[in-house]
Amino acid sequence: MQKSEEVLIDEIRKGNKKSFELLIIKYEKPIFNLIFNFVKETDVVSELAQETFLKAFKSINSFKGDSTFYTWLRRIAINNSINYLNTRNQFSLESEIEENNFSRHIGDSKFYTPEDKVLLEETSTVVKAALDSLPDRLRTILIMREFEDMSYEEIAEVLQCPVGTVRSRLFHARRILKEKLEPFI
Amino acid sequence: MNCIEYKELISAYLDDELSSEELRWLLSHLEICEDCKNELAIFSSQKEKLVSLRLMFLGPLPEPNFSQKVMTKILTEEPPLKRKISLEKFFNFFNWINFSMKKPLQVGIYSLLILFGVLIGAILQDQKQIGERKLLSVYELQDTKVPFREKSYSIAKLPDEEKAIVFHHVAYSSVETLINEPCLLKYTAYTYSDH
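Residue numbers (our numbering), protein chains in the order written: chain A, 160 to 344; chain B, 331 to 525.
No lab work stands behind these hints, which were simulated from the structure alone.
One should not assume that every hint holds.
[Said to hold, decoys possible] With a straight-line cut-off of 25 Å between C-alpha atoms, the simulated SDA-like cross-links for lysine to any residue are:
#1 B:Lys337 / A:Val203
#2 A:Lys337 / B:Pro434
#3 A:Lys176 / B:Lys337
#4 A:Lys185 / A:Lys217
#5 A:Lys337 / A:Ala315
#6 A:Lys287 / B:Pro390
#7 A:Lys185 / B:Ala371
#8 B:Lys399 / A:Ser310
#9 A:Lys217 / A:Asn175
#10 B:Lys379 / A:Lys176
#11 A:Lys287 / B:Gln376
#12 A:Lys199 / A:Ile184
#13 B:Lys399 / A:Glu180
#14 A:Lys337 / A:Ser310
#15 B:Lys379 / B:Lys399
#16 B:Lys399 / A:Lys337
#17 B:Lys399 / A:Ser205
#18 A:Lys177 / A:Arg247
#19 A:Lys214 / A:Asn175
#20 B:Lys377 / A:Glu180
[Stated by the list, open to error] Partial pick of chain B residues on the chain A-facing surface, computed with a CB cut under 7 Å:
#21 Ser341
#22 Glu347
#23 Glu378
#24 Leu380
#25 Val381
All C-beta atoms in this analysis are idealised placements derived from N, C-alpha and C, irrespective of residue type, glycine included.
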């Protein structure tokens, strides 16, 4: 952890609540991005980010400094996003339906303007669409690994599952992604 | 180990999550399996593309007053202190149950020690009360306003051990004390004569 963050956290613990605003300003953007990648809904991102920072503030005493503040904050944001997906009943129940949504993301003219179609030719957009079409339980694990650079152990801790499960789910996710991207890459 | 299992190792290898033993297995397999080698190339390229997406900001930007919004909520909310204390007590109670389930011998020893302490306390308290009562008896007998008869009756009513205290007090009193409090000697003599 940065020394300045240690000082800020000490200040917050002493009761100087306003010091927390500096941490919000520093991390609001990556937290917004992380939550959006998880939930894929622009409307709820701000609300979930607010919840994340409020929870972090309330439980600041449980932050022991074993990891960086961002790692700790990110864990709260991921749990929040997974809870949201669970309550939306899409985390596990609709996974099978989502697996077949790639064609909608890529080729359906109902969803994309001609300009969008041009953009879709760009590989990154295709990859993002393929990623978004994965079932939530596979998509979120891939985001944690590739976007957030989390280790298998960290992911297992967040998802409260064995490391072996993380490894096999990632492999499963990559195989589906490979099938979806084969015509494009 | 079949190719599917080796492909799972490839995925973990790209994440740098293989043990040295697994890495050796994978390397020796890749020397002989073209299909798995091809899978490694595909997974590797896919990973590269995904990682490059990480650098693109794809989500909505925070509104300009986002941090102020959160701070307003923080500053207006009261800390739930009472609830925290009661919850702590509640969980401490369950911790105690959990501890007693895990270590019954220790809990038994602690309970016996507590019981022993209580017993010693009760005995000492009782001794103190007896001592106070004995002293009271002596002072009652020294009261000169009370007639001899009643005093001797009082002595007769005392339990044996308290009578002994009175006589002990007289026996060890100095001559001066006995001159100043002649009644004490008289009561003693009176009681002796009764016996």
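Status of the hints after comparison with the structure:
1. B:Lys337 / A:Val203: Given that 25 Å is the threshold and the Cα spacing comes to 37 Å, the pair is violated.
2. A:Lys337 / B:Pro434: Between lysine 337 (chain A) and proline 434 (chain B) the Cα gap is close to 57 Å, so the pair fails against 25 Å, i.e. violated.
3. A:Lys176 / B:Lys337: Given that 25 Å is the threshold and the Cα spacing comes to 50 Å, the pair is violated.
4. A:Lys185 / A:Lys217: holds, 18 Å
5. A:Lys337 / A:Ala315: holds, 24 Å
6. A:Lys287 / B:Pro390: Distance of about 15 Å is within 25 Å: holds.
7. A:Lys185 / B:Ala371: At roughly 38 Å apart (the allowed maximum being 25 Å), alanine 371 (chain B) and lysine 185 (chain A) break the hint.
8. B:Lys399 / A:Ser310: violated, 33 Å
9. A:Lys217 / A:Asn175: Judged against 25 Å, a Cα distance of about 13 Å means the pair holds.
10. B:Lys379 / A:Lys176: violated, 41 Å
11. A:Lys287 / B:Gln376: Holds: lysine 287 (chain A) and glutamine 376 (chain B) sit about 11 Å apart, inside 25 Å.
12. A:Lys199 / A:Ile184: holds, 22 Å
13. B:Lys399 / A:Glu180: The given pair, whose Cα atoms are some 10 Å apart, holds under the 25 Å limit.
14. A:Lys337 / A:Ser310: Measuring from Cα to Cα gives roughly 22 Å; hence the hint holds.
15. B:Lys379 / B:Lys399: Roughly 36 Å between the alpha carbons, so the hint for lysine 379 (chain B) and lysine 399 (chain B) is violated.
16. B:Lys399 / A:Lys337: Outside the cut-off at roughly 42 Å; violated.
17. B:Lys399 / A:Ser205: holds, 10 Å
18. A:Lys177 / A:Arg247: Measuring from Cα to Cα gives roughly 34 Å; hence the hint is violated.
19. A:Lys214 / A:Asn175: Status holds; Cα separation ~17 Å.
20. B:Lys377 / A:Glu180: Violated, at roughly 36 Å.
21. Ser341: Since chain A brings a Cβ to about 4 Å from serine 341 (chain B), closer than 7 Å, the hint holds.
22. Glu347: holds, 5 Å
23. Glu378: Result: violated, 10 Å to nearest chain A Cβ.
24. Leu380: holds, 4 Å
25. Val381: holds, 6 Å
The structure does not agree with the numbered hints 1, 2, 3, 7, 8, 10, 15, 16, 18, 20 and 23 stated previously, though it agrees with the rest.
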